[in-house]
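Could you put the whole structure together from the sequences, leaning on the hints where they help?
Residue numbers for the sequence shown follow my numbering, beginning at 1 and rising by one.
Worth flagging that the hints you see were computed from the coordinates, not collected in a lab. Even glycine gets a Cβ: it sits at the ideal position worked out from N, Cα and C. Wrong hints could be hidden among the right ones.
[Said to hold, decoys possible] Distance ranges between label pairs, derived from CB positions:
1) N12 / T76: 18 to 26 Å
2) T16 / N72: 21 to 29 Å
3) A58 / H19: 16 to 24 Å
4) S70 / E24: 26 to 34 Å
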Amino acid sequence: MVTELIANDILNTIATMPHLDTLELINFDVKPGFEESFSRCICLRHVLIIPTYIKQSAVTVQRMVIALSSMNHILTRV
1 MVTELIANDI LNTIATMPHL DTLELINFDV KPGFEESFSR CICLRHVLII
51 PTYIKQSAVT VQRMVIALSS MNHILTRV
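Structure follows, in structure tokens:
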């Protein structure tokens, strides 16, 4: 499992890849800062996210909805 700091660093790195349009995050730990880091990935068009639901599943879903809704004008497949 990717830790909080590393996960956000990965998303921040992905945000710098202008030709990456598809992203699959599986068994991904959605932690504080996910919304901001994910919203920087403006080149993404297709996203598959299967988060871990170890604890606080309601918070995980809330963070994902906020992140995805902020990019609803960009994403074509979620």
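Inset, instruction - Check each numbered hint against the structure and report the violated ones by number, ascending. - result: Per hint list: 3, 4 violated.
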